[in-house]
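Take a look at the letters that make up each chain.
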Amino acid sequence: MLLRHTPKEISERGALTINPAKTCQPIGAMYAALGIHGCLPHSHGSQGCCAYHRSTLTRHYKEPISASTSSFTEGSSVFGGQANLLQAIENIFAVYEPEVVAVHTTCLSETIGDDLTQIVDKADKGGKIPKGRKVIFANTPSYVGSHVTGFSNMVKGMAMLAEHTGKRNGKVNIIPGWVEPADMEEIKRLCALIGVEIIMFPDTSGVLNGPLSGEFKMFPEGGTTMDDLRAAGDSMGTLALGEWCSADAARFLDTNCKVPCRVLEMPFGLKATDRFVDALRIIAGAGVPEEINHERGQLVDMISDMHQYFYHRSVALAGDPDQLIALTEFLVSIDMWPRHLVTGTPGRAFEEKIRELTTGLPYEVNVKSGAAADMFLLHQWIKNDPVDLLIGNTYLKYIARDEDIPLVRWGFPILDRVGHQYFPTVGYKGGLRLLEKILNVILDRKDRDDPEQTFELVM
Amino acid sequence: MAQVMFDERADQMAVSGEGPFRISCDKESLAGAVSQRACVFCGSRVVLYPIADALHLVHGPIGCAAYTWDIRGALSSGPQLHRLSFSTDLRETDVIFGGEKKLLAALDELIARHHPAAAFVYSTCIVGLIGDDLAAVCRQAEARHGIPVIPVMSEGFKGNKRAGYLAACQAMFKLVGTGDTSGISPQSVNLLGDFNLAGELWIIRGYLERMGVEVVANVTGDGRVADIRRAHGAGLNLVQCSGATMELAKMMEEAHGTPFKRVSYFGVEDMSQALYDVAEHFGDPEMMARTRALVKEELDRLYPQLMELRRDLEGRKAAIYVGGAFKAFSLVKSFRLLGMQTVLVGSQTGTEADYQELAAITDPGTIIVDDANPLELMHWLKEKGADVFVGGVKERPIAYKLGLGFCDHNHERKIALEGFSGMLSFAREIHRTVLSPVWNFVPRIGGRPS
Chain P
16 MLLRHTPKEI
26 SERGALTINP
36 AKTCQPIGAM
46 YAALGIHGCL
56 PHSHGSQGCC
66 AYHRSTLTRH
76 YKEPISASTS
86 SFTEGSSVFG
96 GQANLLQAIE
106 NIFAVYEPEV
116 VAVHTTCLSE
126 TIGDDLTQIV
136 DKADKGGKIP
146 KGRKVIFANT
156 PSYVGSHVTG
166 FSNMVKGMAM
176 LAEHTGKRNG
186 KVNIIPGWVE
196 PADMEEIKRL
206 CALIGVEIIM
216 FPDTSGVLNG
226 PLSGEFKMFP
236 EGGTTMDDLR
246 AAGDSMGTLA
256 LGEWCSADAA
266 RFLDTNCKVP
276 CRVLEMPFGL
286 KATDRFVDAL
296 RIIAGAGVPE
306 EINHERGQLV
316 DMISDMHQYF
326 YHRSVALAGD
336 PDQLIALTEF
346 LVSIDMWPRH
356 LVTGTPGRAF
366 EEKIRELTTG
376 LPYEVNVKSG
386 AAADMFLLHQ
396 WIKNDPVDLL
406 IGNTYLKYIA
416 RDEDIPLVRW
426 GFPILDRVGH
436 QYFPTVGYKG
446 GLRLLEKILN
456 VILDRKDRDD
466 PEQTFELVM
Chain Y
36 MAQVMFDERA
46 DQMAVSGEGP
56 FRISCDKESL
66 AGAVSQRACV
76 FCGSRVVLYP
86 IADALHLVHG
96 PIGCAAYTWD
106 IRGALSSGPQ
116 LHRLSFSTDL
126 RETDVIFGGE
136 KKLLAALDEL
146 IARHHPAAAF
156 VYSTCIVGLI
166 GDDLAAVCRQ
176 AEARHGIPVI
186 PVMSEGFKGN
196 KRAGYLAACQ
206 AMFKLVGTGD
216 TSGISPQSVN
226 LLGDFNLAGE
236 LWIIRGYLER
246 MGVEVVANVT
256 GDGRVADIRR
266 AHGAGLNLVQ
276 CSGATMELAK
286 MMEEAHGTPF
296 KRVSYFGVED
306 MSQALYDVAE
316 HFGDPEMMAR
326 TRALVKEELD
336 RLYPQLMELR
346 RDLEGRKAAI
356 YVGGAFKAFS
366 LVKSFRLLGM
376 QTVLVGSQTG
386 TEADYQELAA
396 ITDPGTIIVD
406 DANPLELMHW
416 LKEKGADVFV
426 GGVKERPIAY
436 KLGLGFCDHN
446 HERKIALEGF
456 SGMLSFAREI
466 HRTVLSPVWN
476 FVPRIGGRPS
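Read top to bottom, the protein sequences are chains P and Y.
No gaps in the numbering here: position 375 of the first sequence is 390 in the numbering used here, and each next residue is one more.
No gaps in the numbering here: position 449 of the second sequence is 484 in the numbering used here, and each next residue is one more.
If you're looking for bench data, these hints aren't it; they were derived computationally from the structure.
Please note: incorrect hints may appear among the correct ones.
Below, in silico cross-link-like pairs of lysine to aspartate or glutamate (EDC-like), each with a Cα-Cα straight-line distance of 20 Å or less [unchecked claim]:
id, chain 1, residue 1, chain 2, residue 2
1, Y, Lys62, P, Glu367
2, P, Lys412, Y, Glu447
3, P, Lys412, Y, Glu418
4, P, Lys77, Y, Asp105
5, P, Lys232, Y, Glu418
6, P, Lys23, Y, Glu447
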């Protein structure tokens, strides 16, 4: 019992986070930046931050993650990190030859007050940025928000590259949010099927789920190109998937480039995918293609085939706001009962949204976000009100083991299984995969627990 | 094609056997480098984390605690408190107004709930900047709860991992000498610098038991606070690993007169030598006889199996890039025992003396490098035609992308590689990865047939 230290009685905690359901901003910025083609993420802080983010992303994707660091020392912490960053920019372009360098700050550089706008401007004027190359940046102090905030901030940094020429290009910007490379691929496939030309950013497909080629490429094939990012300012509109991950960048484009935006939920599950497909259809001014209708039908078919196994199964979830909102809606729509939810990312609106989605269920949902909304609390809730299923990242495996509850791994990070890189969970196809995963663990558990007499061959 | 190395780094690489060996090291990484190095906090955290009945509280924003949550397979035979993640999760208001109150409240809550034998409070970059008086808060908590509450001065920006090792040693040194040493045999040791990854330290303890040597404290794998408090009662400190705990050994020698020996438990030669060194130190002929018998018994069992694996591995080439250089010595020798040649060896934090020794024990033409980046590593792996790469988490996918075998000799290893049985496991792991059929599906580097 690894978590034998967790008491059932819940007491107010103001000063302490135990087993977090979040991490800090810079890793989100690094993940987002990897979705730009030819981009080297740069961590403006101590070496450890960069090493930790690279290691965590490597464990999740099982891919090489390249990122550079300003390598702060005691001196730079006293006198400011400007010299380090200027030197870093020069060195990076000289040796690694990226097209873009995406700088994010850390708690260290934020607290000493380094001004990225000014430093990057100085690098530019000082000729340290070769012609045609770009340095983008985002402020990502670790003591504000969470990894989700950092992701969103870097995506906004990308939007700042957009140029508004006044001549529309007929494309739609899609900001997919923090989803897996496989999800980004699936979103592109759906858009192509409906016939909508898109600019998607970021796009980590082809970057973090690449093939084994016998070559190590610091900058793999995939990623949103600089040209596309520039052209995003001339698009007809922006669909932002997820309020927490994507809305800021979309609203920035709206305000600065007059590209109107719409913020949708991430397309996990039936209804959210319906809304996404509908939005695309309206933009394209076309009907929904038969292929997509067919996939939707298959998803509904699977739900109907297996609905007796979903019925009133209670679920505890940990993860990020945009994902949890979409998933909660999906679970409720198939008669499952989301019971306890935590996200370390702050946001009262999250709690309200979850309550709204679960109104009508015959219990009051436990939901908490921000400080002390951690896996320790989730475990305590589960001890008081047990559940049938856990959904979340790998760190939930401790609770799963101690309480003997099946776990579906979904979210970030997944450190002990593969598949998330390759198989989407967005869209109708992704919905099928999510349900398959849920059914597998529920039915495996039934097979394990059923007495011999009622052990069933056919389910 | 860009250059392979930064000009400023050119002297951090050398080739053995080509004139007098000179290499520059222990330098700060260049700004902008994709360095494989980490920070002070990381160094302290990896050293102290395996002390299983202590509370480990990270005072800082959430990231530092989140990224170090149970990522290391440092096994404990009892308490598992060290595998939880505790953080004060500093927010913007704390950065402005200070985090001392929060820290004290967190300590109060955690100590009351878990009754740890001691508490380590890790400082992070931000704490160093906002000026929280960590020592004062720890003293206050110590007075309130009656257990040692020890600040670990591990602000990330103060250096690299090595500085973190020092901070960890300073923290542990506060415990050493505070326990009762009665009943400790004069023929006793402390195991320093072994973190019990995959249960390795238990293998070594087993050998020492068979020799008749008492182990007082594990520093720190499967470590206990009470053992460390009485560690000064041991007759000898055995120090493994590249200096992670060397400073503690030096402090103990100075303050308590405890002598120390540097050892390695990797590979047949170094493992045997370590045991002989212990027996020799205690000057007990019977113990030496038991040690000889032990080594013979183990080798008799090991060799036939090892030679079988060697048949397949003979002539293959290995590349090594590890955190500390000391581990690399044993690896070079182990590969040689398997009939393999080391063509590249590097480390994140080696010292000049380390690299000199590496140059001396490797074949001429071996590339020796300090603080390498992925592009450099890739370049040499290809140039030298390595078959297997030994490294840590960030190097694994690089090796695979190139179509090379890989062996994790770092945090994440799942197989015990120390001791005689560990040498066999190591040989099996190398065999498994070098000869994996998967490489038949990818173009091998340099177009060599696999």
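Outcome of the hint check:
no.: 1; hint: Y:Lys62 <-> P:Glu367; verdict: 52 Å, violated
no.: 2; hint: P:Lys412 <-> Y:Glu447; verdict: 18 Å, holds
no.: 3; hint: P:Lys412 <-> Y:Glu418; verdict: 43 Å, violated
no.: 4; hint: P:Lys77 <-> Y:Asp105; verdict: 18 Å, holds
no.: 5; hint: P:Lys232 <-> Y:Glu418; verdict: 16 Å, holds
no.: 6; hint: P:Lys23 <-> Y:Glu447; verdict: 32 Å, violated
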